[in-house]
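Novice: Put the two chains together into one complex, using the hints given.
Heads up: the sequence lines are chains A and B, in that order.
So the first sequence is numbered by numbering that gives the first Met the number 0: it starts at 0 and just counts up by one.
So the second sequence is numbered by numbering that gives the first Met the number 0: it starts at 0 and just counts up by one.
Since the hints were derived computationally from the structure, they do not count as laboratory data.
Worth double-checking, as some hints may not be accurate.
Said to hold, decoys possible - Facing chain B, from chain A, some residues (calculated, C-beta under 10 Å):
#1 Tyr73
#2 Ile147
#3 Ile157
#4 Gly169
#5 Val170
#6 Ile172
#7 Ala283
#8 Ile287
#9 Leu294
#10 Leu317
#11 Ser321
#12 Leu323
#13 Ile329
#14 Gly330
#15 Phe333
All values derive from a computational prediction rather than experimental measurement.
By construction, the Cβ of each residue, glycine as well, lies at the ideal position given by its N, Cα and C atoms.
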Amino acid sequence: MPTGNLRRGNADVAPAVRSRDSGPGSSLLTSLNRIRRGGSAPSGETSWGATIAQLVVLTMVAVVFAASGVPAQYITLGVTVFIYAILASAIALLYHDGGLLSVAHGGLWGIGAYAAAVLVTKYNWQLVPVILAAALAAGIVGMSLASISTRVAGSYFIIILFAVSEVIYGVMINWNAVTNGAEGIVLATPASLFGYQISSNMQWYYVSLITLLLVLLLLQVIKRSQLGQHLRAIRDSRPLAMSVGISVARVHMASFAITGAMAGISGVYWAYLEKYVVPSQFSATASISFVVVVLLGGSAYLLGPLLGAVVVIFLPSLLHLSPLLADALIGVIFIAVILLFPEGVVGLVTWSLRLLMARTGIGRWLGPPASKTPASKTPASAARDTQEAIRRADEGRQAEEELRET
Amino acid sequence: MNEQLLQQGFNVLSSASVYALVAIGLSVIFGLSGIINIAYGDFMTLGAYVVFVVAPGGAIAFIWGFAASALVVAVLSIVLERALFRWTLIRPVNGFLVSLGLSQIIENGVAWHFGQDSVTVKPADSANWALGGVIMSADRVIIILGTVALVVGLILFLDRTQTGTAIRAIAADREAAALMGIPVTRLVTGVFALGGLIAGLGGGFVALLQPPYPLLGAELVLKGFVVALVGGLGSVRGAVIGAVLLAFIETVLVTAGLAGWLDVIEFGAVILLLIIRPQGLARGLAHSM
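So here's chain B without its partners, still in its complex pose (with noise of 0.2 Å):
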């Protein structure tokens, strides 16, 4: 029973890893732009799509599907900002719709292109370790390690060095950032390429999870959304709580027997939480900066 537990904790660590790139992803842009991204999450199918045209096979070629994949959603995001996103940073609520519908736009066009259902994408390593009685997918441990890695670094970047101090002062107030000489809507245009780094990243890791489909995204971002807001929107560290969090309630959900019910619990869950406490669980360590 306990390594029964184990298990799916390790399991479900890994799809959580995925949950805390989207969230991470979706809380350093909306941090610095106040835009809600819900094509996110499509952001991340193009990069599992790239993937599977890179390196459908596997194995070694993975690492060209990743650094594909990256290279691809952080071009991509960089010309969406310059080309939309940036006319509406006055507006962020504007900046939600046009992500509406460029998430149509992408769901729907890699649905026309790729056809509805999903495409396969063999493992990058089909090896699988056990460890204390644990069965560990390489592929699994990839994503764990991937994700804890960037997460790391990202935290580092922005809290150690000048451009992150630069970036966390124009999430502060964007009009001071720009008094004092800080390139805001560059460093705005570099988020959105970190973001789509990130995005790119993550869709390499979900490929490895599951096989892509074109809306594997839109239920993607939802709960990265969920685990943003429980988090503290904005919050790197939150996004990584709150998606441990959800990988722990998912573990006692599905061993309760209650997985089909899963995602109303949750979604259930974070209404009432937002309800009785509208600035989510981690405020406390997002005014200890």
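Isolated chain A (complex conformation) (with noise of 0.2 Å):
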């Protein structure tokens, strides 16, 4: 029958009864056993000891480098690595804990920008009950993408997700009488703190980069929690974790809504920054900026995502090249990071230091080796996923001929 069509089903489609492993080299017991104790808890997951020891050093290097006279247009481009790093280390959670790619979380950033500027402009409002608006709008319209992500994933979910960052813009572009159109607000008053005045590109340089201390701690937390655990089993075998009673709704609505208000916080400082807010700047290419963020510095890692924004925006300015060829630039690099390191910059750096300081026992400190990437392997790694396929084939065989006994 002449239809055209190349599909016969979508494969996408329904996650309810396909499950990424549940090919014959996985044993269903294996995997339950996974599951208790912990989701797939990461082979080699970062020590909370070596988790502080980043950040402290983070800390020094940033007020180190603050603290060292550069030029004022470095302090500026700093914050603008802290706003980044933030939404990118939410977004990176979501895409590698949870296997959700977001291309929603730009407009998201958007959202909080927009109630930033709103809130200041027209009622005056202080930072802190700004922040905390600006997050709860962000979360508010982040929950509800777990809508989508319940009922379809893996390509479906990326496109419906552009459509998404495309509703939000047009309603940032349309929405006259809240949004001043495409014209955009402008947001020059100072913030308030505690009854302190934030105006300097340095007051937020520090602003933020607390905020981005708090906000990686979190993520630390929420990978260690049960949330972390029960999205880690959902996206390696969404039937088995909802057989054994996991509420994919609740985790996605969980995990959606923190990483959004992350998203809208980030948009906060962003409105400051720029003091100027338009839609253009909360794109689908925003979000499609985020995305390169987070995979070029390495979703895995506590400070991929930090690293990623400081390639990203340091590269331009460092290169002297004008934007258009400095953004072209990073699309090469890009590429050549998924192809070639699908662990991000931190994971080659990682993996290069690791083969230099193997006997001195410091590479430990560097953070755990991607265990369940959803980004592409390494070959050895790949050889070694197949051996664990083939061990858990044997184990699954194993267990269905004792049941077969007894």
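Specialist: In structure tokens:
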């Protein structure tokens, strides 16, 4: 019958009945045990000590950088890095632990920015209530994304989130009464925090740094919490997670709400830093650049998104390239990283440092190897995974035989 | 009023032709490789700019412009598939990420070389025909007829030829197809070339429709995805149905004076549709294969 169709079914639809690893190579029993043990905990999860050490190093580097008398424009770039890193780290949690690649968080970021611009220019709110309101607004919109992620997965999910970001963008452009349309809103008033005025970029540098540290800590807490375990369990096998009583809707709602709120907070800082909010800053292109930041740095690592942001933001001014050429260059680097070093720049650095320090034991401070990144695999890790799959298949067969015998 | 509606229907049908071509190209590539090629719209931008370089004066030189643009984009697609996408076939999400990088390169490269403003391409045929009160510009007629010819040709190719059957076999089950002796990798390259051909021609059509600018493709590709999703990704006929549906809705909305909210309503409707019916509208068709 001539229909010109290419695909019979939709492999990405109805995730409830299909699972990523429900092939013959996976045994239900071992997977079940994995969930009982706390999701598929990454084999070499960063210890709290390593986490704190990395955050302390980050703080020290950031403070030294700011105090070393670099030109003022680098401080501004630094604030931008922190703002990007807050959002990118949130996206990285969804991607690495949840297997959800969100291209709508640029829009949530914009909701935060607009919340700040409107509440400050029209109602003269203080910084803390503005942050709370922005986090709430972006969090609620973010939470609604779970209604999509529970229904469709994979490619469909990515495309629909593009549509979501277009809807958010369209509302920003058309809702003139609130957003002032394509002309945007100027936000020139300095923020006031507990009676202090925050106006200089150096002040914003420290405010955003502290926020970033808190966000990174919170993300680590989430990764170790039951929510994180359930998120990974759903990522690994949706039907299995559901069969042991995990509510996909609830877990995804919580994850999207939390990461959405982080996006909103990051947007507030962005509005204050830029002093100007227009819809074009928050189009699908913005979301794409955040995905680039996340994967460039490496979504599996605590500081991966931050380093991705450093590369994307500092590269153009360090190389004195025109912004257009710099963006094109970042595209080239990004493709190279995706194809050659799927664990990102941090993964590459860690790997080479491990090679160097194999005997000294310093390497373990650098964080976990990406145990089960949704990104593609290196040949070595693919071989490991295959062995693991074979082992699991054997276990499964044994378990079946035992069952048959009894 | 009736004539005005017909006129708008005609105009929107020509832009819907372009959406249909984007959606078909995306669908064919997705069906075979599982890759969401977000750079596909930028391939069209490239095609439009090739036409601008070869035939800025329009008129009969447009034929050369079309030929050049189809050739350039098809060859580029082959090169990109061999060099980049080939390595992501096992994990299609990486193909999507690679295409993100590609689109960044193309958009910024084009903007750097040709400037960020739009360039002017003169019409291929400046004639206008009036038919029952509807004024039809020759260019738009070329676009619509060209698209219809392409779509019919593609459907016949996929359904009636042995190569088309092989392509559908790969889409259904890549491993089984390989075991039956179908040259999978060669055909994947071939389908990327086919997608490039469609993008090149589509780019030529777009250049007739509006002055090309660097971000043209970025806007086209999202609508193309919406059309493809509504029709059911991977289905050529579904893509056509989706495009016609989109054309109809756009006509109604523009007549109702909601042009500004067009994108919000369209994308919002698609989101709702896919929340309620994740398999798309044309699922029934897809199963009648």
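Novice: Evaluate each hint against the coordinates.
Specialist: Quick rundown of the hints versus the structure:
1. Tyr73: violated (23 Å)
2. Ile147: Result: holds, 6 Å to nearest chain B Cβ.
3. Ile157: It holds, given that the least Cβ distance between Ile157/A and chain B is near 6 Å, below 10 Å.
4. Gly169: Since chain B brings a Cβ to about 4 Å from Gly169/A, closer than 10 Å, the hint holds.
5. Val170: holds (6 Å)
6. Ile172: Holds - the Cβ of Ile172/A comes within 10 Å of chain B, reaching about 7 Å at its closest.
7. Ala283: Since chain B brings a Cβ to about 6 Å from Ala283/A, closer than 10 Å, the hint holds.
8. Ile287: holds (6 Å)
9. Leu294: holds (6 Å)
10. Leu317: violated (18 Å)
11. Ser321: holds (7 Å)
12. Leu323: holds (4 Å)
13. Ile329: holds (7 Å)
14. Gly330: holds (3 Å)
15. Phe333: Result: holds, 4 Å to nearest chain B Cβ.
Checked against the numbered hints given earlier, this structure breaks hints 1 and 10; the rest are met.
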